[in-house]
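S.K.: Numbers in our numbering are just positions in the sequence shown, counted from 1, shifted up by 16.
Calculated from the structure, these hints are not laboratory results.
Treat the hints with care, since some could be wrong.
[Unchecked claim] Taking lysine-lysine pairs in the BS3-like style, the calculated list, with each CA pair at most 30 Å apart, reads:
no.	residue 1	residue 2
1	K86	K106
2	K86	K98
3	K70	K86
4	K72	K98
5	K86	K72
6	K107	K70
7	K72	K107
8	K86	K107
9	K106	K70
10	K98	K70
11	K106	K72
[To be verified] Using C-beta positions, here's what the derived DEER-type ranges look like:
no.	residue 1	residue 2	range
12	A29	Y120	20 to 26 Å
13	N20	R78	50 to 56 Å
14	A88	L140	30 to 36 Å
15	A132	D100	31 to 37 Å
16	L137	D79	46 to 52 Å
17	K106	H63	28 to 34 Å
18	T68	N145	34 to 40 Å
19	R48	T68	19 to 25 Å
Backbone N, C-alpha and C define an ideal beta-carbon position, used for all residues, glycine too.
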Amino acid sequence: MTINRRVIAASVAALVFLVVGLVQVADLYWLRHRGEVVTATVGEVQHSRRSTDKIKVTYVTRDGQAVVAKTANYHDAEPGQKLDVRYDRKKPTRMQAADWPLAYTRPVLLYGGVGAFLILLSLLDLRLNLLGRARGAATR
Numbered sequence: 017m018t019i020n021r022r023v024i025a026a027s028v029a030a031l032v033f034l035v036v037g038l039v040q041v042a043d044l045y046w047l048r049h050r051g052e053v054v055t056a057t058v059g060e061v062q063h064s065r066r067s068t069d070k071i072k073v074t075y076v077t078r079d080g081q082a083v084v085a086k087t088a089n090y091h092d093a094e095p096g097q098k099l100d101v102r103y104d105r106k107k108p109t110r111m112q113a114a115d116w117p118l119a120y121t122r123p124v125l126l127y128g129g130v131g132a133f134l135i136l137l138s139l140l141d142l143r144l145n146l147l148g149r150a151r152g153a154a155t156r
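With these hints in hand, go ahead and build the complete structure from the sequences.
M.R.: Structure below.
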């Protein structure tokens with residue numbers, strides 16, 4: 017029995033979505049539990065047609081480390097603007113705007129939902145293929 021390419025492609029895509037979702041949830045977890053809030057300066061706003069706009073910010077951690085980081089998790093920013101950011105003490109480049117929610121809802125629904133949908137599609141396609149082969153074998 018061979019598995020059709022659509023099933024494999026949908027399964028791989030589902031796995032990618034689920035892994036990205038887990039990384040997003042882990043980032044939020046660490047920001048919730050180890051997050052520190054400091055004031056950053058917006059250096060650049062990167063507009064994108066294909067993905068979410070990002071900002072590049074510079075800030076100094078509470079222990080004096082200078083950091084330059086990017087995030088798409090912000091509401092509104094202009095170059096030169098001061099902005100409160102929440103960063104992870106143990107990984108200071110993991111950060112987002114302090115007013116951006118720390119809820120798990122978005123990554124779970126978005127990445128988990130798409131991943132689950134792709135898994136369901138691949139299982140449905142696999143089942144339909146198996147039923148088609150069974151019917152073909154029964155008519156021979």
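S.K.: Mind checking the hinted window 20 to 26 Å against the Cβ distance between A29 and Y120?
M.R.: holds, 22 Å
S.K.: Hey, K98 versus K70, does the alpha-carbon distance stay inside 30 Å?
M.R.: With Cα atoms ~16 Å apart, K98 and K70 stay inside 30 Å; holds.
S.K.: Given the hint that K106 pairs with K72, test it: the Cα-Cα distance must not exceed 30 Å.
M.R.: holds, 20 Å
S.K.: If you draw a straight line from the CA of K86 to the CA of K106, is it 30 Å or shorter?
M.R.: holds, 17 Å
S.K.: For K72 and K98, compute the direct alpha-carbon distance and say whether it is at most 30 Å.
M.R.: The given pair, whose Cα atoms are some 12 Å apart, holds under the 30 Å limit.
S.K.: Going straight from one Cα to the other, do K86 and K107 come out at no more than 30 Å?
M.R.: Distance ~13 Å between K86 and K107 Cα, so the pair holds.
S.K.: Does the Cβ distance between L137 and D79 fall inside 46 to 52 Å?
M.R.: Cβ of L137 to Cβ of D79: about 48 Å, so the range 46 to 52 Å holds.
S.K.: Check whether the Cα positions of K86 and K72 lie no farther apart than 30 Å.
M.R.: holds, 4 Å
S.K.: Between A132 and D100, does the beta-carbon spacing fit 31 to 37 Å?
M.R.: holds, 35 Å
S.K.: Given a hint of 28 to 34 Å, does the C-beta separation of K106 and H63 actually sit inside it?
M.R.: holds, 31 Å
S.K.: Assuming the hint says 19 to 25 Å, is it satisfied by the Cβ distance from R48 to T68 or not?
M.R.: With a Cβ separation near 21 Å, R48 and T68 satisfy 19 to 25 Å, so the hint holds.
S.K.: When you take the CB atoms of N20 and R78, is the distance between them in 50 to 56 Å?
M.R.: Hint holds: Cβ distance 54 Å, inside 50 to 56 Å.
Hint violations for this structure: none, all hints satisfied.
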